[in-house]
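Assemble the complex: chain A is given as a structure, and chain B must be docked to it using the hints.
Chains as they are written, first to last, in the working numbering: chain A, 1 to 277; chain B, 1 to 156.
No wet-lab data here; the hints were simulated from the structure.
Remember, it's a predicted structure, so these values are computed and weren't measured experimentally.
Check each hint, because a few of them may be wrong.
[As the list claims (entries may be wrong)] So the derived label-pair ranges between C-beta atoms look like this:
id, chain 1, residue 1, chain 2, residue 2, range
1, B, Gly-21, A, Leu-277, 34 to 44 Å
2, B, Lys-155, A, Ser-34, 32 to 42 Å
3, B, Asn-139, A, Lys-71, 18 to 28 Å
4, A, Ile-108, B, Lys-155, 38 to 48 Å
5, A, Lys-221, B, Gly-21, 39 to 49 Å
6, B, Pro-130, A, Val-173, 45 to 55 Å
Using N, Cα and C, we set each Cβ at its ideal position, and we do this for glycine too.
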Amino acid sequence: MKILSQGSELLKGIPKEILDLAPTTPLIDIKDISTAKSPATSIFVASELEPLQIVEHILDQSISSVLQMNKKYFLEDLKMLARLKQDSEGYFKNYAGHLFPDTAEKIILEFGHANEKEQLRAKILEFAQKTKSQSVVESTQAIFEELYMNAILDAPKEALKRNQKMNHYDQGVKATFCLVRSDLQLAISCSDPYGSLDCQKFLKRLREIYQKGAGQVINLKKEGGAGIGCSLMWENSASIILGVIPNKKTVVTCVIPLGLSNRQRAEVKKSLHLVEL
Amino acid sequence: MGKFEIKIEKAGAAFTVQVIGVIDEDVDFNSYSLAGATSLELNLEAVKSINSCGIREWIKWIGTAGTAQVTYLLCPKIIVDQINMVQGFLPANGKVKSFFVPYYCDESGEEKNILFTHGKEYTDSTVTPPAAVKDDSGNEMEMDVVEAKYFKFIKK
Numbered sequence: 001m002k003i004l005s006q007g008s009e010l011l012k013g014i015p016k017e018i019l020d021l022a023p024t025t026p027l028i029d030i031k032d033i034s035t036a037k038s039p040a041t042s043i044f045v046a047s048e049l050e051p052l053q054i055v056e057h058i059l060d061q062s063i064s065s066v067l068q069m070n071k072k073y074f075l076e077d078l079k080m081l082a083r084l085k086q087d088s089e090g091y092f093k094n095y096a097g098h099l100f101p102d103t104a105e106k107i108i109l110e111f112g113h114a115n116e117k118e119q120l121r122a123k124i125l126e127f128a129q130k131t132k133s134q135s136v137v138e139s140t141q142a143i144f145e146e147l148y149m150n151a152i153l154d155a156p157k158e159a160l161k162r163n164q165k166m167n168h169y170d171q172g173v174k175a176t177f178c179l180v181r182s183d184l185q186l187a188i189s190c191s192d193p194y195g196s197l198d199c200q201k202f203l204k205r206l207r208e209i210y211q212k213g214a215g216q217v218i219n220l221k222k223e224g225g226a227g228i229g230c231s232l233m234w235e236n237s238a239s240i241i242l243g244v245i246p247n248k249k250t251v252v253t254c255v256i257p258l259g260l261s262n263r264q265r266a267e268v269k270k271s272l273h274l275v276e277l
Numbered sequence: 001m002g003k004f005e006i007k008i009e010k011a012g013a014a015f016t017v018q019v020i021g022v023i024d025e026d027v028d029f030n031s032y033s034l035a036g037a038t039s040l041e042l043n044l045e046a047v048k049s050i051n052s053c054g055i056r057e058w059i060k061w062i063g064t065a066g067t068a069q070v071t072y073l074l075c076p077k078i079i080v081d082q083i084n085m086v087q088g089f090l091p092a093n094g095k096v097k098s099f100f101v102p103y104y105c106d107e108s109g110e111e112k113n114i115l116f117t118h119g120k121e122y123t124d125s126t127v128t129p130p131a132a133v134k135d136d137s138g139n140e141m142e143m144d145v146v147e148a149k150y151f152k153f154i155k156k
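The shape of chain A in the complex, shown without the other chains (with noise of 0.2 Å):
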């Protein structure tokens, strides 16, 4: 990564290994933003933002990546980023595997249908049990949850709409639930086959959600979700990654930091980041 920001406190100190893991991705303070040339591929860090204020920057900017620095984990966050980076179909090929490759361990679930919904929560809680922390058991339940229901239900009804041919879930194709976790933080992804996410629609909800509030803005119409996952995810992780290959495959992470209580989890200052090929 390179620094383009010069005397930012924000990004003093990095290793310069670190910086070398993307050596031509434009790492940027959010203080600088208009003199960004390529915001795009360029990573932007920030300290103090609240969440609607990093989707507007992202919405209104143009911008693919706010990185918050949580100190604990700033550095990780930075070499997960550079991955992303640096190899983003290394992403849509091993999910969460690819962000946190040095990890103590890997759960990859297939599933591809509605009743196999129990079993894979029974196998990703037990996953997280293992951080002997309730908190980050029901997070990551939370995030199940919303992340298979867009697998499931909402990617296939999105893939239809645009009239997608492809084969589905009854013909075969399966979605993919990938965890990893180390000392310091807990990933889940999911895989789905239909590349049928919207980016800017689901940043666009996130932005009613945060303006008006979730009571506001949900569907109670019976057709379609409810349309507040999105900040249900969001509110249970510190960073959310948004993957995309149109009409081809969908990767979203959940990134939950380990090693704090549920109060210091929550003043964590959260991180968004889209890759879309």
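Then chain B, alone, in the frame of chain A:
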């Protein structure tokens, strides 16, 4: 038992409801009519998780209770989070009679959920936590929430 169950006991127009398990996209509240209730007390201790579709169906279901006095008790953190995050999850005329607050000990890493009861640990506008909460080894535990966020529904 399936992943979700509701038990309703009726004493005239006073309904006592116990909600058990997972409230998700498969939930069907249609079999559990709240029509005729003038008071509705919901014990939520055994709710294991609730997703966005479950939140939607919950709001619609509770809405069918009309003008009944609605009370939630023994709310776990996942329910308190929804009460705070989603306006309407607790109806406008609803009250929370008791809820759990997570506590944590830095020294031992132990987690505990402590019950706060209306009239004791909180009123309609104030929170008075218990004097001391200790883990199993006698170490002091701290309230493990961002108070402004977690008690938001109380201090409205």
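Review point. If you check the beta carbons of B:Gly-21 and A:Leu-277, does the distance land in 34 to 44 Å?
Key: holds (40 Å)
Outcome for the supplied range 45 to 55 Å, where the beta carbon pair is B:Pro-130 and A:Val-173:
For A:Val-173 against B:Pro-130, whose Cβ atoms are near 54 Å apart, the range 45 to 55 Å holds.
Original post:
How does the Cβ-Cβ distance of A:Ile-108 and B:Lys-155 compare with 38 to 48 Å: does it lie in that range?
Top reply: holds (45 Å)
Given the hint of 32 to 42 Å, check if B:Lys-155 and A:Ser-34 actually sit that far apart at their C-beta atoms. holds (39 Å)
Worksheet entry | C-beta pair B:Asn-139, A:Lys-71: status relative to the range 18 to 28 Å that was hinted | holds (26 Å)
Does the beta carbon distance between A:Lys-221 and B:Gly-21 stay inside 39 to 49 Å, or does it fall outside? At roughly 25 Å between Cβ atoms, B:Gly-21 and A:Lys-221 fall outside 39 to 49 Å, so the hint is violated.
Hint violations for this structure: number 5 only, all remaining hints satisfied.
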